[in-house]
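Chains as they are written, first to last, in the numbering used here: chain G, 30 to 461; chain B, 30 to 461; chain H, 30 to 461.
A pair holds if it fits inside one copy or across any two, identical chains being indistinguishable in the list.
Here are the simulated lysine-lysine pairs, DSS-like style, with alpha carbons at most 30 Å apart:
{"#": "1", "residue 1": "Lys303", "residue 2": "Lys428"}
{"#": "2", "residue 1": "Lys229", "residue 2": "Lys303"}
{"#": "3", "residue 1": "Lys303", "residue 2": "Lys354"}
{"#": "4", "residue 1": "Lys428", "residue 2": "Lys354"}
{"#": "5", "residue 1": "Lys229", "residue 2": "Lys428"}
{"#": "6", "residue 1": "Lys354", "residue 2": "Lys229"}
No wet-lab data here; the hints were simulated from the structure.
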Amino acid sequence: MDVVVNAATLDMLTVGLDTVWVLISAFLVFFMNLGFAMVESGLCRSKNTVNILAKNFIVFALASVSFWFIGWGLMFGNGNPIVGLTNVLFANGGVDEGFDAISWTRVPFWAKFIFQLVFAGTAATIVSGAVAERIKFLSFIVFAVVLVGLMYPVSGHWIWGGGWLQTLGFWDFAGSTVVHSVGGWAALAGIIVLGPRIGKYRADGSVNPIVGHNMSMVTLGGLVLWFGWFGFNPGSTMGVGDGSAIAHIAVTTNIAAATAIIAATIGAWIIMGKPDLSMIINGALAGLVAITAGCAFVSVEGAAIIGLIAGFLVVVAVPFFDRLKLDDPVGALSVHLVNGVWGTLAVGLFAVDGITGSATGNGLLLGGGFTLLGAQALGVVAVGGFTFAVALGVWSVLKLVIGVRVTREEEIGGLDRGEHGAEAYAGFQIID
Amino acid sequence: MDVVVNAATLDMLTVGLDTVWVLISAFLVFFMNLGFAMVESGLCRSKNTVNILAKNFIVFALASVSFWFIGWGLMFGNGNPIVGLTNVLFANGGVDEGFDAISWTRVPFWAKFIFQLVFAGTAATIVSGAVAERIKFLSFIVFAVVLVGLMYPVSGHWIWGGGWLQTLGFWDFAGSTVVHSVGGWAALAGIIVLGPRIGKYRADGSVNPIVGHNMSMVTLGGLVLWFGWFGFNPGSTMGVGDGSAIAHIAVTTNIAAATAIIAATIGAWIIMGKPDLSMIINGALAGLVAITAGCAFVSVEGAAIIGLIAGFLVVVAVPFFDRLKLDDPVGALSVHLVNGVWGTLAVGLFAVDGITGSATGNGLLLGGGFTLLGAQALGVVAVGGFTFAVALGVWSVLKLVIGVRVTREEEIGGLDRGEHGAEAYAGFQIID
Amino acid sequence: MDVVVNAATLDMLTVGLDTVWVLISAFLVFFMNLGFAMVESGLCRSKNTVNILAKNFIVFALASVSFWFIGWGLMFGNGNPIVGLTNVLFANGGVDEGFDAISWTRVPFWAKFIFQLVFAGTAATIVSGAVAERIKFLSFIVFAVVLVGLMYPVSGHWIWGGGWLQTLGFWDFAGSTVVHSVGGWAALAGIIVLGPRIGKYRADGSVNPIVGHNMSMVTLGGLVLWFGWFGFNPGSTMGVGDGSAIAHIAVTTNIAAATAIIAATIGAWIIMGKPDLSMIINGALAGLVAITAGCAFVSVEGAAIIGLIAGFLVVVAVPFFDRLKLDDPVGALSVHLVNGVWGTLAVGLFAVDGITGSATGNGLLLGGGFTLLGAQALGVVAVGGFTFAVALGVWSVLKLVIGVRVTREEEIGGLDRGEHGAEAYAGFQIID
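Okay, chain G solo, but in the shape it has when bound (with noise of 0.2 Å):
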């Protein structure tokens, strides 16, 4: 039997597919949560470890209410170039109007809303990490409710929310600028504010290294992080338009992440004489981080180089910052600031104009000229200026009203039995 189909029922079954892909993708981003609360438990010292899962517990908590309460409508309310001005709280209760900049996609109001929500608690994580094993748990939870709900979704207006670097030609596909160089600008801030932990550098300079204390769950998490990058990356297609662009970005995400494992490993085998296991998987997370705004604007092969350099990148970033005694207990400088940036810039170099239909114009590699570099490049600096300068300032006065760092009988004894009268491994015979 033939039939006249009533548009109202197409209609729905293809927002409901959009809608199944968005949610399932935004799933796969909130588990990335575990991820990060692996990667980072597991690369610091066991004395720590009550205190950084209790952190990454709560920041998404925080980060869901935050979002809700006002950063959804500064980021995508309509506004100016700068910000968004209308029906910013509470996610104007659900009504899908006032947010013109993400009416592209036709998935329902709370669908663009969860996925939204979960890359902004990315951001947050992302800082966790770096400031870990000195930072107090009030500190560090006042800091990221204003990066969720005030910091983040202003930079994210300019890009993803109809302003002035959207209209410039900034392109930044699932956000290795809007997303991570962000919470990496944020972490560098942290990181300056609190200064290094007792005893990483000696008072020659030297480097002394303090071990993570449980690789098992670093790898975990690692490939907890790829696994939900493949929600990242090609759920920020945010609908189904076009299957082969989702497949596209899935291949050009892991191929990215499958190259800088091999250069980082490579890099690591010669620079440190041994394949480094933090390094591979800080390889994987720098390859992921450094596809993600060009995923679906280059080729498979261009997504291929982005992710080779982004591994050795991460294998020179490591010890550069430990020169300048800026101490990050995971890496998160060298994997989201130094990949985010160079992620970004890759769009400028690499992309292929409309290979997945964005009309990016070619970058500068493929005959395109400096036009989409520059803006790349532009963007790259208001974001970083903007985000650095106001966590240098949020920072600085939490130092000042609450403090920011524990004491030092604290950080020697372990924030677990200092934060949390709690300790992460009962029972286990642990030698500090």
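Given the coordinates of chain G, work out where chains B and H should sit on it, guided by the hints.
Relative to chain G, chains B and H alone:
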């Protein structure tokens, strides 16, 4: 080229989308087995880890077989208001007839079956944690088979299988009562019959806290459960007829978890003086259990309040049960029983008629009067009374016939050695 | 409003749904890398943990590159009955021509590619566990590249790429032979060339059991694998043409795991006197491997029997290989080789013609005679002979050129220190 669509083609596509959604949701709920295994084993002592993991692993195998053999038929088979009667064995060989109560979803029979199976499995897993560190392996296995094969399906029939509570206007969207409080009541009976672990309560009545051995695994488990809940609640639409309903449910689910975490953290900080990690995690689970009944029936704001109260409830419930000397190693009663009841009643308070399409009527706080709240309360009492009574009987028979509790020597030495001749962490120095 | 649908619109929707399903399934299969990493490292000693994790992490990176570079083309490229020949390099740049054998699925090229890639990666990971605790990191890496890039694609071409076994009527729905027994045969060759770990077999021929160091991780890995298998088997439909077929496959997959667990638990209880956790987990994996070939071809009842036998097989296979002094630290041969073979033959016994649409003919036990069983047996022998012979050659060349085994000192001291200069659990007191 325009085409007139063949009706079968469109139907195939619609049912295909529904099937994909329901199956992926089922896989997420299946994955919650990992969450329960890690939360339960991590919150107990290392000497009982192998035992708890083995219970959690085998319980879903047993659930799969017993729900297939008889449970499905008792729950969804046509029959009377009390129980399903026709074609109860072996899910009627996959023939989708005689199951009128679940014919509202368009998905193929085996998709319905596996989705319902993973829910049944959850109920059994809840019991596992409550009776941990002292129960005989075989006794738990037998109880789990009876629960999934006979008990759960009967009360489930009342609510989801066309039984008397469903007729009466009792609403439980994804199972605060059907799954969680049923698991909780069965656990309570087990705790009473078993008695507390040796050393948990001192002669003077004070509590000797027994802390978990691996908070990394507990955190992992908590995040896996939260992730899986995105299958549990949104997936309970059992179809994609209305994408916006699914998105709404995802957001209510998430916000309840978030506010519950915040409430539990603050509550624990006030009562215990520290932000306690296991309370943070149990707070998340409490919020998720509480929103399970109402996720499709309340507003996002309502969900936030339900979660907030759930978070406070779990903090007060844990010491409450301890005062009653009901030894619950993982807080299963506080999470699943207390908040299963709370979430079911909350529907009667916060329901917004038709918010995602269901004709629940308004809850008390939205001007609907006591009709809905009364039905919810009746359901809570009826299901609780039935499950608790039968469970008490089953545990008592088990106690008589094969015994429920391991020997004193085995309990002190650890169930891993006693029941399995193994240890979880060979090579690690552990002092119990 | 009724509309006449544009054919391209309907096609876009249909292909979109197929793509979403295939990609999500691919992500689930990718996630199995985590499962393998945790099962393998957890079942070995803590001193080799970093090494095993590093192998498992990098192996998928290498698989991604080598399958992209050449593997895909050899497997699916048009050619002769033995191997693909046209456009073999770099997946023909994503141009979906010349791959007739896989043109039956409507999904975009890169969706086909990534789905097949995660399968190829699985084969390599299987080998990793079998050769653990004594293999040189570099040798494993080289072998994995050869396996994924050259060996796996050839036998895969025979069965899924339009080759001679496919023509002959050999059926392997999701890869009991293509993936699992291939990994198993390659592992067997590696075990033979490497020899057993120091101390595994005593001079009198008796076995000195070497127990795993972290059963929490093993359990986690087992549940992750089970979860991932819901992508592996149902996803192998590579489209959503018929939702009821997918649901059927999900249920056969799950019931086989369940009955295998029950059989392995009982079997271990009888033979070893205790319900052994590693046997329970390997039982689950055995059932899953065994149902992989036939999940779409057998009834739910048939699947239950296949799983039951698989569970018994794994319990007898483990001591069998030990009697042959084939030292397999994680039971990879018992799980993947023995049950890969069993599952492939089981199709010849239990197949129900057309149960989900495939014209397999009936198996022997359903009155189909020996035709199907004969083809299955031939495939088992052919693929086994080819893979084992070539793998033996490759391992032997590696032994000559770079050596396959670490030094005695390194093996005793642990590969973590020797190969990676690291330890997995810094701070923990460990006695090997």
